Amino acid sequence: MAGFLFKRLLQSAFVIVVVTLLVAFAVRLSGDPALMIASGATNITEADLARIREGLGLNQPFLTQYLQTLSGLFTWDFGRSFMGGTPVATLIKTALPATLALAFTAMAVSIALSIPLGIRAAVRRGKWEDQTIRVVSLIGLSFPNFWLATMMVLLFSITLHLLPPSGMNGPLSFVMPALTMGVILTATNVRLVRTSMLEVLNAQYITVARAKGLSENKVLYKHALRNCAIPLITYMGVQFGGLLGGIVVVERVFNWPGMGTLAFDAVASRDYPVLQSVIMVLSTMIVAVNLLVDIAYGLIDPRIRTE
Amino acid sequence: MRKTLTALALALTAMGFAAPAMAEGKLTISSPQDPGNWDPIDTFLVNWSSVATNLFEGLTYRGPDMVLVPGLATAWDVAEDGKTIRFTLREGVKFHNGEPFNAAAVKFTFDRLLGEVGAAGPQRSNYMVIDSVEVIDDYTVDFHLNAADPVLLTKLAGYGAMIIPPQYYAEVGDEAFNNAPVGTGPFKMTSYEPRIGVKLEANPDYWGGAPRLSEIDYRFITEPATAVAELQAGNVDLVIPPTIPIGMIPTIEANNNLSIVSTPGPTVYALRFNTRDGITADERVRRALIMAVDRQTIVDAILGGQATTIASFQGPASFGFDGDLAEIPFDPAGAQALLAEAGVQPGASVQIDVRGNDATFNEVAQAVSAYLAGVGINATIQPYETNVLLNDIIPQGKTGAMFQQSWGGWTFDYDNTAYSMYHSGEKWNPYDVDPELDAMLEEQRPLTDTLRREELLQSIARYAADRALEMPLYNLNAIYAINNRVKGFVPAPDSRLKLNEVWVE
Numbered sequence: 001m002a003g004f005l006f007k008r009l010l011q012s013a014f015v016i017v018v019v020t021l022l023v024a025f026a027v028r029l030s031g032d033p034a035l036m037i038a039s040g041a042t043n044i045t046e047a048d049l050a051r052i053r054e055g056l057g058l059n060q061p062f063l064t065q066y067l068q069t070l071s072g073l074f075t076w077d078f079g080r081s082f083m084g085g086t087p088v089a090t091l092i093k094t095a096l097p098a099t100l101a102l103a104f105t106a107m108a109v110s111i112a113l114s115i116p117l118g119i120r121a122a123v124r125r126g127k128w129e130d131q132t133i134r135v136v137s138l139i140g141l142s143f144p145n146f147w148l149a150t151m152m153v154l155l156f157s158i159t160l161h162l163l164p165p166s167g168m169n170g171p172l173s174f175v176m177p178a179l180t181m182g183v184i185l186t187a188t189n190v191r192l193v194r195t196s197m198l199e200v201l202n203a204q205y206i207t208v209a210r211a212k213g214l215s216e217n218k219v220l221y222k223h224a225l226r227n228c229a230i231p232l233i234t235y236m237g238v239q240f241g242g243l244l245g246g247i248v249v250v251e252r253v254f255n256w257p258g259m260g261t262l263a264f265d266a267v268a269s270r271d272y273p274v275l276q277s278v279i280m281v282l283s284t285m286i287v288a289v290n291l292l293v294d295i296a297y298g299l300i301d302p303r304i305r306t307e
Numbered sequence: 001m002r003k004t005l006t007a008l009a010l011a012l013t014a015m016g017f018a019a020p021a022m023a024e025g026k027l028t029i030s031s032p033q034d035p036g037n038w039d040p041i042d043t044f045l046v047n048w049s050s051v052a053t054n055l056f057e058g059l060t061y062r063g064p065d066m067v068l069v070p071g072l073a074t075a076w077d078v079a080e081d082g083k084t085i086r087f088t089l090r091e092g093v094k095f096h097n098g099e100p101f102n103a104a105a106v107k108f109t110f111d112r113l114l115g116e117v118g119a120a121g122p123q124r125s126n127y128m129v130i131d132s133v134e135v136i137d138d139y140t141v142d143f144h145l146n147a148a149d150p151v152l153l154t155k156l157a158g159y160g161a162m163i164i165p166p167q168y169y170a171e172v173g174d175e176a177f178n179n180a181p182v183g184t185g186p187f188k189m190t191s192y193e194p195r196i197g198v199k200l201e202a203n204p205d206y207w208g209g210a211p212r213l214s215e216i217d218y219r220f221i222t223e224p225a226t227a228v229a230e231l232q233a234g235n236v237d238l239v240i241p242p243t244i245p246i247g248m249i250p251t252i253e254a255n256n257n258l259s260i261v262s263t264p265g266p267t268v269y270a271l272r273f274n275t276r277d278g279i280t281a282d283e284r285v286r287r288a289l290i291m292a293v294d295r296q297t298i299v300d301a302i303l304g305g306q307a308t309t310i311a312s313f314q315g316p317a318s319f320g321f322d323g324d325l326a327e328i329p330f331d332p333a334g335a336q337a338l339l340a341e342a343g344v345q346p347g348a349s350v351q352i353d354v355r356g357n358d359a360t361f362n363e364v365a366q367a368v369s370a371y372l373a374g375v376g377i378n379a380t381i382q383p384y385e386t387n388v389l390l391n392d393i394i395p396q397g398k399t400g401a402m403f404q405q406s407w408g409g410w411t412f413d414y415d416n417t418a419y420s421m422y423h424s425g426e427k428w429n430p431y432d433v434d435p436e437l438d439a440m441l442e443e444q445r446p447l448t449d450t451l452r453r454e455e456l457l458q459s460i461a462r463y464a465a466d467r468a469l470e471m472p473l474y475n476l477n478a479i480y481a482i483n484n485r486v487k488g489f490v491p492a493p494d495s496r497l498k499l500n501e502v503w504v505e
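As given, the protein sequences belong to chains A and B, one line each in that order.
34 is the number that full-length UniProt numbering gives to position 34 of the first sequence; each next residue is one higher, with no gaps.
219 is the number that full-length UniProt numbering gives to position 219 of the second sequence; each next residue is one higher, with no gaps.
Take these hints with a grain of salt, some might be off.
Computed list of lysine to aspartate or glutamate pairs in EDC-like fashion (alpha-carbon distance at most 20 Å, straight line) [stated by the list, open to error]: (1) B:107 x B:65; (2) B:398 x B:449; (3) B:83 x B:134; (4) B:487 x B:215; (5) B:427 x A:199; (6) B:498 x B:201; (7) B:94 x B:205; (8) B:107 x B:91; (9) B:427 x A:77; (10) A:93 x B:134; (11) B:487 x B:253; (12) B:398 x B:215; (13) B:487 x B:505; (14) A:93 x B:175; (15) B:94 x B:131; (16) B:107 x B:77; (17) B:398 x A:32; (18) B:427 x A:46.
If you're looking for bench data, these hints aren't it; they were derived computationally from the structure.
Note that this is a predicted model, so its numbers are computed, not measured.
Chain B extracted, bound-state conformation (with noise of 0.2 Å):
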């Protein structure tokens, strides 16, 4: 009897360890939130689409390097006036459910969108310029707009655009599709718990191949301490963004299994001025206090160098960054010089708004803080709520000489930051008015001509540098935490991660 009990024994040990083993090619990542919806259209969430890049796919894709490529369409061709697109698309193409990928299905997907269904959720807004899409032939789309639009190419990769079975949608209905979604991406989904996780399973059938990896687990963790923790004891191999807080990087680069994985991401800091009033309305006064600061050692000495210090309010990924484009310089006696030809007294006071809640930034905005009263000036710091800053204090013009601003958007195109930012009446320009810069925000919009168009994105950095409008401070890294037996690994800058060359050791 004895002897059968060990026997037992050993063989339920032998089982446990054997689990893992089977288990290879799993990847068990730990997402911050669940978007609680997967319907391409019904969302905007970063978070959705760090899983949802392997479900789904779009006409075009966009990868880690930015490079724009062909997705399910093969080629695709401008017309003249701007105003039609005229998409090959890829054959033989199936989703998750067999369904065939066509023209039929691309039709569908947009007239949904565009549609009643469309129109309640966040994602229409971003394709409004399609007036209508025809079917040419079965591998033949075209899109006819109301206008040029140069940034929709970078649309059609992400989010509302992605393309969904027509069959498989009218069988189950908008409620089943947004628990069990359907693509043709490289993984399918297989099991959704909402507020605990997301299983995937690769997609054998794939078009590109099928995927190395055979199941990736993702887990919704909010707390940073606690995906470090599950990291750090081996049960999750990656934590994406923006979870990893700077001061969590040495422990987990002490550990020799773990490693930090990063890449400029699309957020970018800064500290606008309030141009109206006070001792900011003085354009000499907002460049000594620029000279005041170095951003630089606040890059090295707050951020653990997880940053690079930007000239303009835009990172080197986006459309219309300009390298030739210098920062002003540290350099505090110049900026006492300035000070002092604007009139300005030593022991004047600015105030410095930031979101309470983010606490890195606050370290940041004490920093600049210290460095203003290097130069004579007194800033305070108001710590709002985020919503309250975001909502109210700022598009009010209430804010004090300065205030925080992070800016990121996913077309990783200065066009969205600059006129949101800089035109007159915008929300976000509570106080500048200037008709120059209206009409260069207004012309470069519907050019297709990208050298023109980049070109005047350019100027509008150069102009907005030399009125000094803002500090700009810095552009964040994306930054991913992993276990070293994930092999393969390639970081996204904006969170869009597509597995399907990743695998586990």
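Here chain A stands alone, though its shape is the one from the complex (with noise of 0.2 Å):
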């Protein structure tokens, strides 16, 4: 298990690295923050320029600006925001809570549907439930989430007046976006837990549980749902790194004040250290979200330990 480890702590340092790297060249590309900075100011010189560049610290050789970034990640020091000069480990401090708050929301309602729905398409197999509920998830699955919410806004906040439609204030402002964001997680989710369900209701151990005279519900939820449990954590795991980039989408609309309106905006205004430490956090977290999900195999299932 340790060499285990230290082989996949490697490879995602590595992954990190990697990403970071390719970011920060690439914003580098997308124009000269000094300008941006300085566009409203009338009559502006080169020296000028040179000057805002030099305060931004951009006239530093692409590495060094690079490395500075990168050692925020240890250091909790990402430097300013281009805008305004606030600490970016400051923006961070309160975005990522947010972030974090709607995205396990948003998980924890889709675990909540799917689990359940998905038992129940996998046992009533080809019935009307399971044909209700896999068209069902189609559809959600089809949804671009930017309609859902403008739709949910639409209705609850603007027609019925029951939620806010944007904003960080209290757990009905959670509804909404949490909703958008689970119903197409939940959408596939369903499909998956059926699949696997199905798989496994065909297992032997499954027929002996029920020839023992289990109950019906603990032959589902203990025996079976225990042995689909690997894909379904895999796929959450990659699914969590999907919400997290599918966040900033969700997040502008309800204008939520976490992660991705930072790096939404951030973009917009040429703000390479905002931009590049929402990257780096959020691509690190992603990482260690896969290399959780790689350690819960473990504890779940023994013979992937000893492999």
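The two chains are supplied separately, each in an independent frame; assemble them into the complex guided by the hints.
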């Protein structure tokens, strides 16, 4: 297990370096922040621009700038935003919990819905319940999340005045963004649960369990579910990465004060330190989650540990 | 027991209903961007000003009517040569922290702006004409300039020239000042949450009288649809420019509680020509292309009437605007004749470069292209990423025959536009070299004789129009969406909203 962990850690570090290096390189192709900052000033000279660049540390070699950003992961000092000079760490400190709270709520919504629905569909295979669940989940899958978000705002905020259209302010404000993301996750997860359940239900030990006279719920939720947990957990690990990526759109629609909003604004204003740090933190988290998934395998299925 | 619970529930409900009543006098505004810093010298953003105009004041003030009036200075006297300005300061004014406003504060503000601290920010370049500020007595200061600058008094009404309190600044330091600013304005800042919002409360000791609102709550909402949803849901009272897309105006107007209020803004739009190469190097061709396009129809059909057509690259609020300068009329037959005269064959093609993210202008460009097709010119539209277009394609002279330029300046002075667009060697003028135009541009710059300067600016506009240097399109309105419970609101063309006379019902 130690050797396996070490290897996976090295791989993870490599992935983070490659991702951040690519991002740091790419954002520098996208335009000059000094010009953005100076665009409102009348009669700005080349010397003024040079001074602004120097103030932002843009005159230093690319590698120096990159290493400074990377070191932020360890020192929690990501430099300052080009827009106004707020320390990036301060921005991330409020944005990250907001994003995580939303992501976990969405995951929870999805798990709470997809496991019973998926099992139901598998057990009632080919019956009307199965058909309905499959069709509904296909519809859920086909919604673009920004459309779903807009429709919910129209219905629940503007027409019914039940939920706040944007912002993170109390439990009610979680409902629409978490549902928007949760619905799409659920649609995929239901199908996943159904498929792996169908496989497991044909296995001999299920027949044995039933033959022993165990209650149907015990058979399904204890014996069968445990065995289809591996593909589920793997997929949810991957899904979490996608979730953090997809959150950008949803956060923007709901004006959620998270990492997505931060990244979006940073792109618009060529705010390198903010953009790089946000991507670095998010990619580190995605890599870490995948690592955790690998470890979780070992815990759930002893066969993997000994391999 | 049940009775008690019922009573409690009723009481809670009553309190719930009472809450909005207590919050009377609170205005909630959706602002598209957090400037990230409230120090006047660290920012250039219009969205800074739309908040900070309520916190800070300058020596002069220019409100929504664009007229320059006394601010923290009650009077000023410009010396004959234009190089010294003596300001008489308003007495009895206090900063939000109780510190007195006086000549020392003025000197401190400009020493900081022109010194080391200001050198790191974008605002200093606007005020480089100021050589030094001399304190004459507690309420008199002299500004010594290294050249006469007719636009300086206007500049003193905004941004970097806002007067800050020396003691407070010395006590808290630069960084704390960025997040907790103190000025002399009608409102004080009570809280600031980066990227979320900022809250202000009334300054009861304001020299101009206590404001009518007790609180202003600004929320940073980037996405236009979200801002409009908040407005429709009644959580936001006012959405400030440039958020409201033209396409959403009918939706807002259909709601009885909401209104659209607009006024001509600072930004003008034009398609500028490559005057050096290709068919547009010929003045007759440029004129013909202008004649081929019906700008009024574009304004009515695409911009929902929220713009006015222009004859030169400026709007009516700009100093140097000439109401007598006539637009080149829409005349497709005349355009075809001119093109024939210039030897341009039907089917000739031009490329129009636009900013890819400007959806409205992309529609405008398509309409222009259709009009050009009407006189036998094939126009292709080439969208670029905004930064690429602005920082590479235009300055390097790599554009097509025509390219989008939208331009606005908070000083509303045509010099800012004309000099950048027409003077040889300027970043925004990659193609044209015209010594005569250069001379006119240079001549007006230092003039303190306003009438003479206005005359010269008007002749520059006429000259540029005669040479058909660009296809002037329109001056876009600054569009505000507002809840009808807000009273006394006057839209500011430049988003600098001072809200002390506004109230809510």
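Structure versus earlier hints - violations, ascending order: Of the numbered hints, 1, 2, 5, 9, 10, 12 and 15 do not hold.
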